[in-house]
Amino acid sequence: MNGVRRELISASLIVILCLFAWIREPRFFEPQSLNSILLYLPMVAIAAVGQLPVILTGGIDISVGSILGFTGIAVGLMFQSNSHLPIVAAFLFSGLAGGLLGAVNGALVSWGRLPAIVVTIGTLSAFRGLTFLLSRGNQVDSTMLPSSFTNLVQQGIHIGSVTLNEPLLLVFLFAFVASIGLGYTQFGRNVYSVGNNIKAAYLRGISTQWILFSVYAFSGFTAGVSGAIYASRFGFVNPESAGKSFELTVIAAVAIGGVKITGGYGSVLGALLGCLFLACLNVALSVLGINANWQLMVYGLLIILAVLLDSLLRMTKRKAAV
Amino acid sequence: MKKLFLPLIAGALVAGCSPVSSPNSKTTSSTGGDQQIKMVYIAKSSGNPYFNQIESGFKKAAAQFHFEYSTQSPTSADATSQLEIIKDQIQRGVDVIAISPNSPDALDQVLDQARSKGIVVICVDDDLTGNESHRDAAVLPCDTKTVGDSQIALMSKLMGGSGDFAILSATTDAPNQNAWIAEIKSQLATPQYSKLKLVTTVYGNDESQKSATEAEALLTDYPHLKGILSPTSVGLASAAQVLATSGEYPGGPHASTDAIQLTGLSTPNQMKKAVQNGVVASFQLWDPSISGYLAGYLGYMIKEKKLTLSEGGSIEVPNLGTVEDGKNNLIYAGPMLTFDKSNIGNYNF
Numbered sequence: 001m002n003g004v005r006r007e008l009i010s011a012s013l014i015v016i017l018c019l020f021a022w023i024r025e026p027r028f029f030e031p032q033s034l035n036s037i038l039l040y041l042p043m044v045a046i047a048a049v050g051q052l053p054v055i056l057t058g059g060i061d062i063s064v065g066s067i068l069g070f071t072g073i074a075v076g077l078m079f080q081s082n083s084h085l086p087i088v089a090a091f092l093f094s095g096l097a098g099g100l101l102g103a104v105n106g107a108l109v110s111w112g113r114l115p116a117i118v119v120t121i122g123t124l125s126a127f128r129g130l131t132f133l134l135s136r137g138n139q140v141d142s143t144m145l146p147s148s149f150t151n152l153v154q155q156g157i158h159i160g161s162v163t164l165n166e167p168l169l170l171v172f173l174f175a176f177v178a179s180i181g182l183g184y185t186q187f188g189r190n191v192y193s194v195g196n197n198i199k200a201a202y203l204r205g206i207s208t209q210w211i212l213f214s215v216y217a218f219s220g221f222t223a224g225v226s227g228a229i230y231a232s233r234f235g236f237v238n239p240e241s242a243g244k245s246f247e248l249t250v251i252a253a254v255a256i257g258g259v260k261i262t263g264g265y266g267s268v269l270g271a272l273l274g275c276l277f278l279a280c281l282n283v284a285l286s287v288l289g290i291n292a293n294w295q296l297m298v299y300g301l302l303i304i305l306a307v308l309l310d311s312l313l314r315m316t317k318r319k320a321a322v
Numbered sequence: 323m324k325k326l327f328l329p330l331i332a333g334a335l336v337a338g339c340s341p342v343s344s345p346n347s348k349t350t351s352s353t354g355g356d357q358q359i360k361m362v363y364i365a366k367s368s369g370n371p372y373f374n375q376i377e378s379g380f381k382k383a384a385a386q387f388h389f390e391y392s393t394q395s396p397t398s399a400d401a402t403s404q405l406e407i408i409k410d411q412i413q414r415g416v417d418v419i420a421i422s423p424n425s426p427d428a429l430d431q432v433l434d435q436a437r438s439k440g441i442v443v444i445c446v447d448d449d450l451t452g453n454e455s456h457r458d459a460a461v462l463p464c465d466t467k468t469v470g471d472s473q474i475a476l477m478s479k480l481m482g483g484s485g486d487f488a489i490l491s492a493t494t495d496a497p498n499q500n501a502w503i504a505e506i507k508s509q510l511a512t513p514q515y516s517k518l519k520l521v522t523t524v525y526g527n528d529e530s531q532k533s534a535t536e537a538e539a540l541l542t543d544y545p546h547l548k549g550i551l552s553p554t555s556v557g558l559a560s561a562a563q564v565l566a567t568s569g570e571y572p573g574g575p576h577a578s579t580d581a582i583q584l585t586g587l588s589t590p591n592q593m594k595k596a597v598q599n600g601v602v603a604s605f606q607l608w609d610p611s612i613s614g615y616l617a618g619y620l621g622y623m624i625k626e627k628k629l630t631l632s633e634g635g636s637i638e639v640p641n642l643g644t645v646e647d648g649k650n651n652l653i654y655a656g657p658m659l660t661f662d663k664s665n666i667g668n669y670n671f
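If you read the sequences in order, they're chains B and Z.
Going by the numbering used here, the first residue of the first sequence is number 1, and it counts up by one from there.
Going by the numbering used here, the first residue of the second sequence is number 323, and it counts up by one from there.
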């Protein structure tokens, strides 16, 4: 229905934020800042594309930060045992490892009939524990990763001083697949149906349990790919800090992107715009030189403001429609 | 009846299990007198290269001063598993327990037990802050002044003594970081650093993403920046990756007239690649093996009654020089190690 207009709201929020930042500090539009925004995007955006179907079914996946940490360590250990591993294989392996953890969430939520928030709070801690066990408490250092892997973010399409880094290609790939999957397949329609009314969906013969299982497994897969991107971008993975509070960023991005947090409504484009908003906000807070003690609060308030503005604009539109 | 059996069973379990459950224990004994002192070191957790480095210091001291040294560490860094190990070691009849405690207070009771049996307890790398009466002495790596002074001296040297630099720290409330930064600032007020200017201090919260974004913002906001000092390993590693990406390090693809010199604190393993690639010329850390060596020496000397600690006094340590016995018998090992291309390959922690 008003799908496109909803995304226009998210897009205009980004424009407002960027204009404000630009007025306060013209350097915000320098290539360095744009690169910074583009580097911020891939990790969050891919996991957000995975989080979207989960939230569309009315669920939530809080464990993605720990899945990122686990797979980041796993990728490091893989390269350590075989430094000639093809990079594509590393990403695939990382995704599959994440998908496996996601499948645990999925099984517990669908066949175990447990509330998603409880399950994924539990696995957030359990997967972090698993990360410590896998890493034996040691961090993955840059010496364990081949240069061809850690150089990924430096490569890409150079437009002047701005670089469209290679992991951004993965974002497009995932966004494309998810858009088609959610928008143009029976599976996608079923995901929305489950979110709108799971009982009605079940009565209509939709295999709701299979749908629930799939979306959590997919979310795990995307978080796993983000884990590989993390290792490639930073060149080291600490079992404790990698992916810490990443879940909050991802869920916030999806919410800012106009996705209904109780399920049933939202789009891939919206989730991506939410990520872009957070990327701009993060870079703006740093470039504007806002006092570190204030940053967290400003960050949180602006997220609330963005969601508030979005819902206010939606309400006025609904009234206008009536 | 139960009360009688329990110690028996526990004793049997300990006796039966300890050879099996101690895959991480190694014993280094050296030739010497018949009544050799037995010393054990309990790290925070096993398998951590940092603590292996401390162990190498103990081994050196064991060989030099002729005591029997072994190590036994928990698999995870929690205090309860250290507690069990301490109990085992008391039973084994060790003379000195050196420990990097996982809790400032959870071990108080068992350490008191050990000391009542005449065992000397030395904390290494970390202290029982607030509970200092439960150990004999503590050996910490470096005092605030040494760290701060060495860091600013290195930054100044890399920048050729003049220019703008920024500090990338961890969190605004990290006590170590703030103490070091305060010392750096006080040094900046002295004439020898009059041409250095600290333009800003930013905080990466010890998160890779936040640290990277802050480092990128520094490049944007201060086009003439010549140095970044990051006294935290997450900050330094993230900033190194940012410079590698932007190519603005000395000799990098985008190193214009104002290439950025990056330095700070980290472990050699973490920075090896950045140093080999030339992104980071040199950086610093204390040498954990010196802490181990010093703790080994102190434990041996105190147990042999060749040394009595007195707060405010100074202790002559062979091969190391003079160290100060500070308040609460807290002793700093110092000095700082500087790593660069020429020596980083020699270290593995």
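Treat the hints with care, as some may be off.
As the list claims (entries may be wrong) - Ranges between beta-carbon positions, derived for each pair: (1) Pro31(B) - Asn650(Z): 47 to 57 Å; (2) Asn453(Z) - Leu173(B): 53 to 63 Å; (3) Asn498(Z) - Pro31(B): 32 to 42 Å; (4) Leu248(B) - Asn498(Z): 50 to 60 Å; (5) Leu85(B) - Thr397(Z): 24 to 34 Å.
What the hints assert, rightly or not - Here are a few chain Z residues that sit away from chain B, every Cβ distance over 10 Å (derived from the structure): (6) Ser367; (7) His456; (8) Leu518; (9) Asp647.
To be verified - Stretch-level coverage of chain Z by chain B, calculated; a stretch enters the list once three of its residues show a Cβ under 8 Å from a Cβ in chain B: (10) 369-381; (11) 556-567; (12) 620-632.
If you're looking for bench data, these hints aren't it; they were derived computationally from the structure.
For glycine and all other residues, C-beta sits at the position ideal for the given N, C-alpha and C.
Status of each hint after checking the structure:
1. One distance hint, 47 to 57 Å for the beta-carbon pair Pro31(B) and Asn650(Z), holds here, with the actual separation near 54 Å.
2. At roughly 56 Å, the beta carbons of Asn453(Z) and Leu173(B) sit within the given window of 53 to 63 Å.
3. Checked against the hint of 32 to 42 Å, the C-beta distance between Asn498(Z) and Pro31(B) comes to roughly 36 Å, which is consistent with it.
4. Distance hint for Leu248(B) and Asn498(Z): a CB-CB separation of about 27 Å, inconsistent with the stated range 50 to 60 Å.
5. Look at Leu85(B) against Thr397(Z): about 28 Å separates their beta carbons, and that is inside 24 to 34 Å.
6. Interface exclusion of Ser367(Z) from chain B breaks down, the closest Cβ pair being 5 Å apart, not more than 10 Å.
7. Distance check on His456(Z): its Cβ is at least 26 Å (rounded) from any Cβ of chain B, clearing the 10 Å threshold; non-interface status holds.
8. Distance check for Leu518(Z) against chain B: the nearest CB is about 20 Å away, which clears 10 Å, and the non-interface claim stands.
9. At the 10 Å boundary, the C-beta of Asp647(Z) stays outside the reach of chain B, the nearest C-beta of that chain being 33 Å off.
10. Under the rule that three or more residues need a Cβ within less than 8 Å of chain B, the assignment of the stretch 369-381 of chain Z holds, with 3 such residues.
11. By the rule of at least three residues with a Cβ nearer than 8 Å to a Cβ of chain B, the coverage given for the stretch 556-567 of chain Z holds, with 7 such residues.
12. Coverage of a stretch by a chain is defined here by at least three residues with a beta carbon nearer than 8 Å to that chain's beta carbons; for the stretch 620-632 of chain Z and chain B the count is 0, and the condition is violated.
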